[in-house]
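Enquirer: Each chain, written out:
Protein chains: 4
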Amino acid sequence: MMRNGRSPMPLESPNPNYRDVVERGFADAAFLHDLGIKLVDYGPGWCEAMLEVQPRHLQQTGIVHAGVQTTLADHTAGGAAMTVTPAEGFILTVEFKMHLLRPGAGESLLARAEVLKPGKAFHIVESEVFALKGGAKTLVGKFLGTMAVLPRT
Amino acid sequence: MMRNGRSPMPLESPNPNYRDVVERGFADAAFLHDLGIKLVDYGPGWCEAMLEVQPRHLQQTGIVHAGVQTTLADHTAGGAAMTVTPAEGFILTVEFKMHLLRPGAGESLLARAEVLKPGKAFHIVESEVFALKGGAKTLVGKFLGTMAVLPRT
Amino acid sequence: MMRNGRSPMPLESPNPNYRDVVERGFADAAFLHDLGIKLVDYGPGWCEAMLEVQPRHLQQTGIVHAGVQTTLADHTAGGAAMTVTPAEGFILTVEFKMHLLRPGAGESLLARAEVLKPGKAFHIVESEVFALKGGAKTLVGKFLGTMAVLPRT
Amino acid sequence: MMRNGRSPMPLESPNPNYRDVVERGFADAAFLHDLGIKLVDYGPGWCEAMLEVQPRHLQQTGIVHAGVQTTLADHTAGGAAMTVTPAEGFILTVEFKMHLLRPGAGESLLARAEVLKPGKAFHIVESEVFALKGGAKTLVGKFLGTMAVLPRT
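Note that the protein sequences, when read in sequence, are chains A, B, C and D.
Reading the first sequence from the start, the letters are residues 1 to 153 in the numbering used here.
Reading the second sequence from the start, the letters are residues 1 to 153 in the numbering used here.
Reading the third sequence from the start, the letters are residues 1 to 153 in the numbering used here.
Reading the fourth sequence from the start, the letters are residues 1 to 153 in the numbering used here.
So here's chain A without its partners, still in its complex pose (with noise of 0.2 Å):
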């Protein structure tokens, strides 16, 4: 929400591979080539993932289903939390909020994860979701969660 008194985006990541990882973090990712969900851009403490709407995303009453959405945010904090994990570290989803705000209702969604805090154990990511109609730019979704850092076996 606000940039002041935060720590400021890292300008390094601790992994020169960094991009091998977020790139196939995507690629190698079956449910995402299902849903049709595709990497946009990154750097080190952030990323950003679109997706085109299609019927078969919805819900009953017409709106994209939550678990769409939710699944756009939480892949795209994962790859934002890929930019600050050193090499030897994977990453693990361990508990998020989600906040549906409004009906996610557009052409296409666009999420964009900011780290709000790396560690060493653990990392804490924010991701925004937006729909995207026609020009229009509005924020449907928030999604606030917790990806450990693990060692590679």
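Please note: incorrect hints may appear among the correct ones.
The list cannot tell twin chains apart, which means a pair is met if one copy fits it or any two copies do.
What the hints assert, rightly or not - Think about it this way: if two alpha-carbon atoms lie no more than 30 Å apart in a straight line, the pair counts; the simulated BS3-like pairs of lysine-lysine are:
hint, residue 1, residue 2
1, K133, K120
2, K137, K120
3, K117, K38
None of these hints come from the bench; they were simulated from the model.
Because the structure is a prediction, the values reported are computed rather than measured.
The hints should help you fit chains B, C and D onto chain A, whose structure is shown.
Expert: For chains B, C and D alone, coordinates are given in the frame of chain A:
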């Protein structure tokens, strides 16, 4: 966690046709069909649903994607909420917290939702997600959320 | 986290006397006096409050108790919610999530709350808690909650 | 909510002196004394604590302040977490969600916390808060949180 001191489960729904509402709430949701989530059983104050795990539900580390578990937990919570809602209302998820307690890695996932506190404007609902594998049943996810009761228009 | 795509902050409150409501919401709360929390400033859609840290606010490890940080974050969120509520409504916390990001260990704590999404039945509000020490300002807590709008009786 | 499919409650603590840790975790916390919170009972995987409600605990609408309920729920959760933590670790709250289900308006509040999932790096803990009044016991709050296990230094 405990029944002692809690409201007892309601014996009757405020909607004589609540069974229609719950059945349609699952049958008419495109995203549930897309994933393969099936309604199992329900009664006043509770609901159960299930998902046979398929490779397309997985994430890059070989476990069920958090978004899949969350969709199951959320929609089952919505089902439980519908059972305690009058005929003139419908249910929309406001927010929830989801804890991924253990890797979701079974043959199927079962969610059971219970209404913790019914209300006029919103219900508070808990869901628990279990992985089923060869007769074993393991708690893998916990959901706690707020479901708004909105007027049908 | 970002203003882009969000609703702009409201310029006017729906209650011409909202200042009275916010002032009384802090002045009449016994527990705020007991802790020493003081209203700092507010306007439509936001509120700030502060607490001088005293030894009685600490927990066994020498940092501010999570309950103290949470009380500050929650009440400031309630203040922000009051600014976007019509005169005939009052505010009650439904639920919130609180992240303790860093040890609360300054000379004083400052909370700033902003309404993320105002509504008829409930508002969604974020608060951030900062530790202030010798001119430095550090984000130590993040709150995200639902505030119900109930009719005054 | 259900024991079926959950881990059974542990029979033994990993710390032979866990009773000392829990007792001190309540005795040494200044803010607990300030509020009047008292440890009631505990065992491996669970903890109970209590508070006699006093006028200074109330908010402007005459009910117990959300921050008081939360402090009770959080500290009791910390107590339960301590019972499943080895001697070389200590417990710090990472985050939690708190639902205020009904007005906290009894003669006293009782919290019971249970560890939902113990872990090496963190435990997941639930608490329920009950209002006690003239022999009646009513569920008024539900807490679900993550407690980090940190090395003592």
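Enquirer: Are any of the numbered hints broken by this structure? If so, which, sorted upward?
Expert: none
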